[in-house]
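Undergrad: Chains as they are written, first to last, in my numbering: chain A, 1 to 213; chain B, 1 to 213; chain C, 1 to 213; chain D, 1 to 213.
Treat the hints with caution; some may be incorrect.
With a straight-line Cα cutoff of 35 Å, these simulated DSBU-like cross-link-like pairs (lysine-lysine) come out [said to hold, decoys possible]:
(1) K54/D - K54/A
(2) K14/B - K62/A
(3) K122/C - K62/C
(4) K54/D - K122/D
(5) K14/C - K62/D
(6) K14/B - K159/C
(7) K122/A - K14/B
(8) K54/C - K62/B
(9) K122/B - K14/C
(10) K14/C - K159/D
(11) K62/C - K62/B
(12) K62/A - K62/C
(13) K14/A - K54/B
(14) K62/D - K159/D
Partial chain D-side listing against chain C, Cβ under 10 Å, derived [what the hints assert, rightly or not]:
(15) A21
(16) I46
(17) G74
(18) R89
(19) N93
(20) V138
(21) Q161
(22) V162
(23) F204
(24) A205
It should be emphasised that the hints constitute simulated quantities derived from the structure, not laboratory data. Where is the CB? At the ideal position from N, CA and C, for every residue including glycine.
Residues per chain, in single letters:
4 protein chains.
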Amino acid sequence: MQSTHTSYNEIAGKRVQRIEAIGDGVFAIALTLLVLDIRVPVSEAIHTEADLIKAFCSLTPKLLAWFLSFLTLGIFWTGHAAQYHYIERSDRNLNWISLFFLLFISILPFTTAFLSEYMTFKFAIGIYWLNIFLLGVVIYMHWRYASRHDFLSIQGEEKAQVQHAIERRVIIAQSLYAFGALLCFINTYLSIGFIILVQLNYAFAFIQSKRRK
Amino acid sequence: MQSTHTSYNEIAGKRVQRIEAIGDGVFAIALTLLVLDIRVPVSEAIHTEADLIKAFCSLTPKLLAWFLSFLTLGIFWTGHAAQYHYIERSDRNLNWISLFFLLFISILPFTTAFLSEYMTFKFAIGIYWLNIFLLGVVIYMHWRYASRHDFLSIQGEEKAQVQHAIERRVIIAQSLYAFGALLCFINTYLSIGFIILVQLNYAFAFIQSKRRK
Amino acid sequence: MQSTHTSYNEIAGKRVQRIEAIGDGVFAIALTLLVLDIRVPVSEAIHTEADLIKAFCSLTPKLLAWFLSFLTLGIFWTGHAAQYHYIERSDRNLNWISLFFLLFISILPFTTAFLSEYMTFKFAIGIYWLNIFLLGVVIYMHWRYASRHDFLSIQGEEKAQVQHAIERRVIIAQSLYAFGALLCFINTYLSIGFIILVQLNYAFAFIQSKRRK
Amino acid sequence: MQSTHTSYNEIAGKRVQRIEAIGDGVFAIALTLLVLDIRVPVSEAIHTEADLIKAFCSLTPKLLAWFLSFLTLGIFWTGHAAQYHYIERSDRNLNWISLFFLLFISILPFTTAFLSEYMTFKFAIGIYWLNIFLLGVVIYMHWRYASRHDFLSIQGEEKAQVQHAIERRVIIAQSLYAFGALLCFINTYLSIGFIILVQLNYAFAFIQSKRRK
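Generate the whole structure from the sequences, applying the supplied hints.
TA: Written out as structure tokens, the structure reads:
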């Protein structure tokens with residue numbers, strides 16, 4: 001009798017479309033969250049064009065944080081969407097792994113703003129790296145879980161190829177991020193610069209597109 | 001002639017996909033609402049790594065509220081999605097029950113933040129519990145209504161099994177939350193600790209996964 | 001040659017699903033916008049349960065505004081979704097009518113908060129009524145346009161029935177709102193009370209469900 | 001062996017529905033972002049209807065910014081949706097072009113608010129124009145890329161017609177915006193007025209609808 005008993009956990013978390021939909025919602029909000037920080041400078045002291053340009057330029061750190069946050073979110077959103085291109089089933093565990101992924105996505109605008117405010121502090125780089133590292137861990141677990149439980153729409157050789165490509169990407173990217181974070185013991189700007197270069201490369205795919213030719 | 005008259009209430013609230021879409025939107029916003037409260041600490045007094053770590057640690061209550069809110073929202077979102085896995089039709093009443101569910105979801109970040117600010121007050125636990133209780137009542141009504149009006153995609157034995165699993169889950173969870181809330185008359189931290197343990201269990205399914213083996 | 005020329009306006013605004021998706025997004029945000037106004041009361045003077053209850057009660061106007069805004073948004077969202085249950089095609093004009101509907105939806109949390117702050121002022125009732133009136137005008141135009149341009153999935157008798165139900169609902173509701181707004185010349189609380197009763201009725205359908213029996 | 005190797009970049013960015021979904025999310029948030037700036041005026045000095053009307057009128061610049069931002073966002077959202085009416089496939093490059101489009105959409109409420117605050121400054125017009133120009137460049141690149149890589153659902157003559165209509169629209173609109181921006185060297189109000197007229201025309205299609213008769 002116990003074997004025919006349906007538990008709630010067996011029926012929860014099966015709607016792949018819902019996981020994608022709430023994911024897109026959280027990403028869309030995270031992408032715009034740092035825009036809320038960019039306030040129009042209001043000052044009695046702005047009388048000339050030069051005053052206004054100067055006031056605008058003081059927004060540079062916030063504009064940089066917004067752009068950096070956009071790059072990172074874009075990279076992880078692309079990764080999330082790429083996995084769901086092949087995932088066609090789900091269970092409650094995959095559902096919760098996906099929710100934890102969104103948890104770390106939702107905090108990314110904060111850790112980015114924290115870094116942009118304290119660029120000379122190793123602790124700020126550590127927190128930012130930790131966020132990216134946790135995202136990497138969760139998205140890796142997400143794929144492994146889906147693949148091992150046969151939730152994918154692909155099989156055999158194609159599955160092996162896609163699996164290799166996705167896992168390799170996460171491991172290489174995380175190694176580069178970790179290396180970049182460690183550079184902070186030499187110089188924090190060097191560390192941030194290296195991480196941004198890695199992200200720009202993943203956004204624009206300079207190196208990969210050359211290799212494909 | 002009156003019998004052939006179509007009333008607005010007969011044609012409203014039929015779009016299940018729309019109810020799911022607005023639901024995902026409200027959940028996505030609620031999940032990120034408490035992130036808005038986590039502001040980068042800005043202070044003239046931050047000069048060393050130790051200062052920054054200290055400033056970061058002062059954010060702990062807000063980070064806890066964000067995590068607690070995430071757990072609760074994740075649990076109810078999974079429940080909402082699990083119901084709509086089986087609900088394929090709707091009418092205006094189910095539509096409005098679903099909207100009231102979203103009403104109580106939208107206020108959850110506030111009641112969570114209220115609790116995290118006043119952890120030693122019975123009233124704060126009462127408000128937080130009331131919110132979770134109302135969510136439980138509405139999601140229970142939601143399922144009963146859909147099931148009684150034959151809006152489900154399943155029939156017979158399967159329907160009975162799923163129905164039993166969903167209703168049992170709500171009743172057990174609500175009993176545990178009510179017990180946890182009552183613990184505040186002994187000690188408020190005990191009460192909060194118990195509620196968080198219940199939520200962690202529903203997120204990670206420790207007990208259930210053991211039972212299934 | 002001019003007749004074979006395709007203009008941009010002929011190819012724009014055709015994606016009904018996109019109009020529904022952006023609609024659900026704007027509604028979801030509008031539903032949660034007033035929650036941002038409900039801040040956890042922080043005060044050095046809160047020492048006892050009674051202090052906290054008193055501080056919580058001071059939030060009542062904001063909680064009322066949030067609930068009132070929810071009712072109104074729920075009513076119009078249900079109306080919008082009911083129309084798109086039957087609309088299966090679109091053009092750029094319907095697309096823009098829908099966008100203007102969302103324009104007035106996005107401002108509704110503001111006009112509601114404005115009313116809840118200035119409940120004894122005729123001007124605040126006027127602005128709130130104007131918002132609801134404009135929503136009524138646009139949603140009426142929206143349906144008429146879709147119906148006249150044959151964008152519906154229904155025909156003949158069914159179309160006539162649905163058309164009658166939708167148009168009748170808008171006209172009766174708007175007449176009641178206008179009557180309610182005019183009551184402000186007697187007493188503003190009478191006016192607000194009447195409008196809330198109308199909205200509660202549309203949410204819970206007391207009168208209609210009696211009639212259907 | 002290298003030719004059978006699947007790279008991550010070949011499997012990323014293929015989900016057209018996801019790109020549309022995150023797009024609708026970002027647009028919905030951008031549409032409501034300026035509403036957050038319209039705060040209910042709270043003042044001890046408001047005693048009469050005349051006081052309240054005066055306080056409300058002081059919100060006019062913010063209401064104008066909200067309306068102007070709505071028009072611009074509506075125009076670009078319609079353009080984005082019109083392209084995806086024909087785009088049925090995607091790759092990682094198109095995915096990233098689309099994300100950069102959303103980057104410039106997310107900042108539009110800021111540049112609009114900046115302009116509405118500093119209407120007499122050429123620099124504010126320059127920044128606003130730059131935002132619209134970048135949106136035009138990215139949406140043009142987006143279409144060209146999709147068309148050249150054969151991601152469209154249309155072929156032959158129909159493709160040529162649609163292509164011509166979409167590209168012509170972007171080029172004419174951008175020429176008008178650039179002309180409007182240059183008018184700021186005569187007078188900034190003239191410049192803003194001209195840009196608003198162009199946008200109103202694209203929203204209401206006065207000129208086009210006349211031509212079609």
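Undergrad: Against this structure, judge whether each hint is valid.
TA: Against the structure, the hints:
1. Among the hinted pairs, K54/D with K54/A is consistent with the structure: their alpha-carbon atoms are about 33 Å apart, no more than 35 Å.
2. Using a Cα cut-off of 35 Å, the hinted pair K14/B and K62/A is violated, with the two alpha carbons roughly 45 Å apart.
3. A C-alpha spacing of about 20 Å is found between K122/C and K62/C, which places the hinted pair at or below 35 Å, so the restraint holds.
4. In summary, the hint linking K54/D to K122/D is supported, as the alpha carbons are separated by about 30 Å, within the 35 Å threshold.
5. In summary, the hint linking K14/C to K62/D is supported, as the alpha carbons are separated by about 32 Å, within the 35 Å threshold.
6. A distance of roughly 16 Å separates the Cα atoms of K14/B and K159/C; the hinted pair therefore holds under the 35 Å criterion.
7. Distance restraint check for K122/A and K14/B: the Cα-Cα separation of roughly 55 Å exceeds the 35 Å cut-off, and the hinted pair is therefore not satisfied.
8. Restraint check: the Cα-Cα separation between K54/C and K62/B comes to about 23 Å, which is no more than 35 Å; the hinted pair holds.
9. The suggested pairing of K122/B with K14/C is violated, with an alpha-carbon distance near 55 Å, which exceeds 35 Å.
10. Restraint check for K14/C and K159/D: satisfied, since their Cα atoms lie roughly 16 Å apart, inside the 35 Å limit.
11. The straight-line distance between the Cα atoms of K62/C and K62/B is roughly 22 Å, inside the 35 Å bound, and the hint therefore holds.
12. With a C-alpha separation of about 31 Å, the suggested pairing of K62/A with K62/C holds against the 35 Å cut-off.
13. For the hint pairing K14/A with K54/B, the CA-to-CA distance comes to about 42 Å; that exceeds 35 Å, so the pair is violated.
14. About 42 Å separates the Cα atoms of K62/D and K159/D, which puts this hinted pair outside 35 Å; it is violated.
15. Hint status for A21/D: holds, given a least beta-carbon distance of 7 Å to chain C, under 10 Å.
16. At its closest, the beta carbon of I46/D sits 7 Å from a beta carbon of chain C; the interface hint therefore holds under the 10 Å criterion.
17. At a threshold of 10 Å, the smallest CB-CB gap from G74/D to chain C is about 5 Å, leaving the interface hint in force.
18. Interface hint status for R89/D: violated, as the beta-carbon distance to the closest one in chain C is roughly 16 Å, over 10 Å.
19. Violation of the interface hint for N93/D is found here, the shortest Cβ-Cβ separation to chain C being roughly 22 Å, above the 10 Å cut-off.
20. Proximity of V138/D to chain C is violated relative to the hint, the smallest CB-CB distance being about 18 Å (cut-off 10 Å).
21. This hint holds: Q161/D has a C-beta 4 Å from the nearest C-beta of chain C, less than the 10 Å allowed.
22. With a cut of 10 Å, the hint placing V162/D at the interface with chain C holds, because the nearest CB-to-CB distance is about 6 Å.
23. Taking 10 Å as the C-beta contact cut-off toward chain C, the hint placing F204/D at the interface holds, the least distance being around 7 Å.
24. At its closest, the beta carbon of A205/D sits 6 Å from a beta carbon of chain C; the interface hint therefore holds under the 10 Å criterion.
The earlier numbered hints that this structure contradicts are 2, 7, 9, 13, 14, 18, 19, 20.
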